[in-house]
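Following the hints, put chain B in place on chain A, whose structure we already have.
Heads up: the sequence lines are chains A and B, in that order.
The opening position of the first sequence corresponds to residue 1 in the working numbering, with each subsequent residue numbered one higher.
The opening position of the second sequence corresponds to residue 1 in the working numbering, with each subsequent residue numbered one higher.
Among the hints, erroneous ones may be present.
Listed below are the simulated DSBU-like cross-link pairs for lysine-lysine, each with C-alpha atoms no more than 35 Å apart in a straight line [what the hints assert, rightly or not]:
(1) B:Lys189 with A:Lys150
(2) A:Lys10 with A:Lys150
(3) A:Lys150 with B:Lys118
(4) B:Lys197 with A:Lys150
(5) A:Lys126 with B:Lys90
(6) B:Lys101 with B:Lys158
Worth flagging that the hints you see were computed from the coordinates, not collected in a lab.
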Amino acid sequence: MAFYPSGIFKVDYASDEGLFPTPVIIRSSILFIIFLLILPWFLSNHMLYIMVTMFIAVVGAVGLNILTGFTGQISVAQGAFIGVGAYTCAYFTQNLAMPIWISIPAGGILTALVGIFFGLPSIRIKGLYLLMATLAAQFFLADYLFVRWKSVTGGVGGFHVNRPAFPGIPGNPNLGIKLYDDSHLYYLAMVVAVIAVFAAINIGRSKTGRAFKAIRDRDIASALIGIDVVRYKLMSFALSSFFAGVCGGLLAYSWKEISPPVFGLDVSIAYLAMIICGGIGSVRGAVLGAIFITFLPEGIMFIMNNIVIDLLPSWYNWGYLFSGLHAMMYGLVIVLFLILEPEGLNKIWINFRNSAKIWPFPYY
Amino acid sequence: MKRTVFFKKMAGAVALLAVVLCIGFPTCNAQADQETVKIAVTCSLTGPHAAVAGFCYGEMDYYTYLNEFKGGILGHPIDSTLYDGAETPKELATYRAFSSKVHSMSLYSTMANKALTKEINEIDKISSITGGMDERIIAPYVFMVGPSYQTQFYVSFKRMVENGGKTLVIGHGNYEWMVDMPEDAIAKKLPEKAGIKLLGVVEHQSTSSEITAEVARIKRLNPDYIWVWGDAVSTVAAAIRLGIPGKKLFLNHWYTLPVLTKKFGKKIDGMMGWLMLPSVDMVLKDPELRVSKELNAFLAKHKPYTRNWTYIRGWLIGTLRTLAIERALQKNGNKIPADIKKFRTQIRDELENIKGFDLGIGHGFETVDYSDHMGWGGMMPAVVKDGKWEIGKYQSFN
Chain A
1 MAFYPSGIFK VDYASDEGLF PTPVIIRSSI LFIIFLLILP WFLSNHMLYI
51 MVTMFIAVVG AVGLNILTGF TGQISVAQGA FIGVGAYTCA YFTQNLAMPI
101 WISIPAGGIL TALVGIFFGL PSIRIKGLYL LMATLAAQFF LADYLFVRWK
151 SVTGGVGGFH VNRPAFPGIP GNPNLGIKLY DDSHLYYLAM VVAVIAVFAA
201 INIGRSKTGR AFKAIRDRDI ASALIGIDVV RYKLMSFALS SFFAGVCGGL
251 LAYSWKEISP PVFGLDVSIA YLAMIICGGI GSVRGAVLGA IFITFLPEGI
301 MFIMNNIVID LLPSWYNWGY LFSGLHAMMY GLVIVLFLIL EPEGLNKIWI
351 NFRNSAKIWP FPYY
Chain B
1 MKRTVFFKKM AGAVALLAVV LCIGFPTCNA QADQETVKIA VTCSLTGPHA
51 AVAGFCYGEM DYYTYLNEFK GGILGHPIDS TLYDGAETPK ELATYRAFSS
101 KVHSMSLYST MANKALTKEI NEIDKISSIT GGMDERIIAP YVFMVGPSYQ
151 TQFYVSFKRM VENGGKTLVI GHGNYEWMVD MPEDAIAKKL PEKAGIKLLG
201 VVEHQSTSSE ITAEVARIKR LNPDYIWVWG DAVSTVAAAI RLGIPGKKLF
251 LNHWYTLPVL TKKFGKKIDG MMGWLMLPSV DMVLKDPELR VSKELNAFLA
301 KHKPYTRNWT YIRGWLIGTL RTLAIERALQ KNGNKIPADI KKFRTQIRDE
351 LENIKGFDLG IGHGFETVDY SDHMGWGGMM PAVVKDGKWE IGKYQSFN
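Isolated chain B (complex conformation):
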């Protein structure tokens, strides 16, 4: 009898859910608040790439900061929503959930950007500051921040040469971007252009934490440098196990995180990498910086998701986007036009018009010219000394 009651309740709940889903979604669309600036952010909050999701939280926190301390953008509150799921099918569904409502967005994955090229750029016309860094996804409505992966390959190879390197092996995982980017770099002959000889490419299973066999294959090739493209922790652990000195390892920018130095300490002395942006604490050292002032105000009331550089990345994405929205609003007499596509296009145009904008994070970072959709074009070189990352001066690659 109890089971029957449970079944009836379950059936009732399912029927109610179906009604809510079928009627609720279109109703919600129709009730969109015209005076609120709506922004959607998709991100990899769960799963293997969640470790670098700090930039999504940083961006969301910037909108919270604007709402709480500045009253939104020119008095318009920001309604921002963070969606989990940066794999293609999920992101395609998510995009359709917000595409009729939002004024601007951040679409995370490269594949989703490719799949939705027509929708983003021709049909819905929503400006996107993407989480991806492959320069091939740049499009009229798609913007990036920071040096692209292609640039990172090239400047890293150049730095290897500058440090006396003549040969190189690329070690990478088997996730999409971990395979695709080395292939693109090789097709573009980036090692040759940088003046270093590529001895080989060794792939490993990203889902495996034990990749000693693969790293042993790299060791047998005896390169001057190993370009660690993905899965840095397992690669570095295997390299230490095999006696490969830290000075032979070179990391891509995602992995200049404290986890490696905390885990391996002085064993990886000499390992090189790039710090894409200063961390929260590096920015806060100079209280006169614009972002420092903003963060000080925000952090007095809130706790950040992380204090590493990814958080600053998100904060800057938010800054650039809201700057463009503010300018678009000013052109419309501080009103959000009824024609949502017109407003979206204005935001896109204003993003493209951003010139000479000071990022407000100090450390020598250049001003942003967004006409090329690429953001800023430099990073800070990093090297492990005495078990800690030592950060060098900002280098521009423009």
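Just chain A, same shape as in the assembly:
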């Protein structure tokens, strides 16, 4: 009873749409954030880096979910949009000596503008045709602009980014906490990820979010009931791209060396995989998908190299085989998800939660 109270009466719309409908959720959210705050103390460098990567992926996946999950606009340009944010943030940091609290939002804002531009075709086309238009954006940005605009991007030779101080002051970075260490970056990425998740949930609950979902479900009907479809589609591109830009800014600080190939089509596909595996249209699904896809290759490598290899006969060097196996396993897991649970990890979580609620009984 302490965990699943009954008799919660919602007497107005505000309480019905509240972010935290029960005190249990508030308490568990606070506990979870405390857990995340103390976690770096117990993690190896490797796990710390993976956690940073995971938080950054959460921001990008939640952003893509706004566009594809909420609004139904498919995009395979997320990798390139992340690249726009990364290069903007890197340029602001390295060439303009801007502090981090300007560089990262600047990356988000510029990417939002780029997103609006490349979202213009969505006014006239949808489905596979829109996919092709965003594919063109991906190729134009990642394979042409990032490579050719050397004065800004450094071309294929790459762009080196020094991790700045936070909260940095231009010209005097020593006054802030240096982000050099991954543990410092962990806290920044965590805070941004938490903000991104709550922002995305709020967007979904707002008038804007409802308009997005209406457009996703039937755009003609949405227009008939007075929703400005053009405006909301572009707004969706802008919001999604803003998240992608912030994600890119964080990635630039994490990697310290950015170059066009790291924002390729495979990155866009990986982000699509995150929201598909997680459960398209759900913020929780996007978060779970980002966690899953980030940890998947590491988990496969860990299990293969530390558990499976000891169980196999020694006449063959299995390590050689396992070294290249993660790419295949990655694809296999995604295919299994699509076959066995198209609604993704979010549905698995809901089923698990419902089962746990009534445990040890099998059903109500």
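Quick look at chain B alone, frame taken from chain A:
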């Protein structure tokens, strides 16, 4: 009902995985075996550059050879791990997975070396014999093997001039090193220094196997030589289609592989290139060579991943690294110091101290002086005759 059981099992598996990942990684670090020499190798085992991954397997096989036939290094078994993924994000994660544990490593990509410069050289202090060949990534803890790309550009242009060439066009793919290295060579004015006129640079899509249009642009410029920098198979195929004679083509060292001669035969007669190292079979021809003896013993029990020169490259990387580790161990009374950074630095110092070391592969290769972190400084010229690579005598560029 079945679905519910599946969901429960899946959820259980995910929870177990999360626990293993969160607890397992730090636990494994804590349980590191102090008496085992630990080496990590990252490599491009999958994807477009997997064709030249032979050197990673060659290096790993050398450690297997030492473990099986020599009892490791001075009795210390070698625990070597090969990681796939030579693209920046993956390699950065991989590096962090092994950086707290290993005594030495091979980090593959140029970008990862750049991104991790501070970690490798100042924080973790791990000696790395890199797979990359751009001399700009040489650093206190970063070593290379073989002539750098910059040297290869210069000596190739010189060889073109020696063969009567006056003009040149560079044809390259659009991968990182394929674009970056020609740009660096042009910035350093290497064609001018070699005495050849650069008529132009033509780029093509590396992901495309059909690049006739790009090669046609090269043909229109009518150069004496075409420097094929990347994607040799598609470039040569297009050149044959357009009637460009093989003698106008000059390949970088990665492509002196049998695949081209097998595919195109006599159509590419006259095409030039470099063989960086002898192949396994070339080394085995002289059973008295040190590497020949090692390989004969190893190959009696194992099958190599490849028999081309890349395998020998890896074997030599392993030789140089373990030589430095052996010397570092000797200085510590055959004990691995508890202070891992001290041992890593000793290995680095011993790598740098390698002087006059015979590579043991014959064919005129000079001894290695590793004080400049560059390895050996020569290659063997190669030219296609009667549809087969004909290998010339070793040339030193030092």
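So, going through the hints one by one against the coordinates:
1. Of the supplied pair hints, the one linking Lys189 (chain B) and Lys150 (chain A) holds, its CA atoms being roughly 19 Å apart against a limit of 35 Å.
2. Taken as a hint, the Lys10 (chain A) and Lys150 (chain A) pair is broken in the structure, with Cα atoms around 58 Å apart against an allowance of 35 Å.
3. Among the hinted pairs, Lys150 (chain A) with Lys118 (chain B) is consistent with the structure: their alpha-carbon atoms are about 24 Å apart, no more than 35 Å.
4. Distance hint between Lys197 (chain B) and Lys150 (chain A) is fulfilled; the C-alpha atoms sit about 25 Å from each other, no more than 35 Å.
5. Note on Lys126 (chain A) and Lys90 (chain B): the hinted pairing holds, with a Cα-Cα distance of about 34 Å set against a maximum of 35 Å.
6. A C-alpha spacing of about 45 Å is found between Lys101 (chain B) and Lys158 (chain B), which places the hinted pair above 35 Å, so the restraint is violated.
Of the numbered hints stated above, those contradicted by the structure are hints 2, 6, listed in ascending order.
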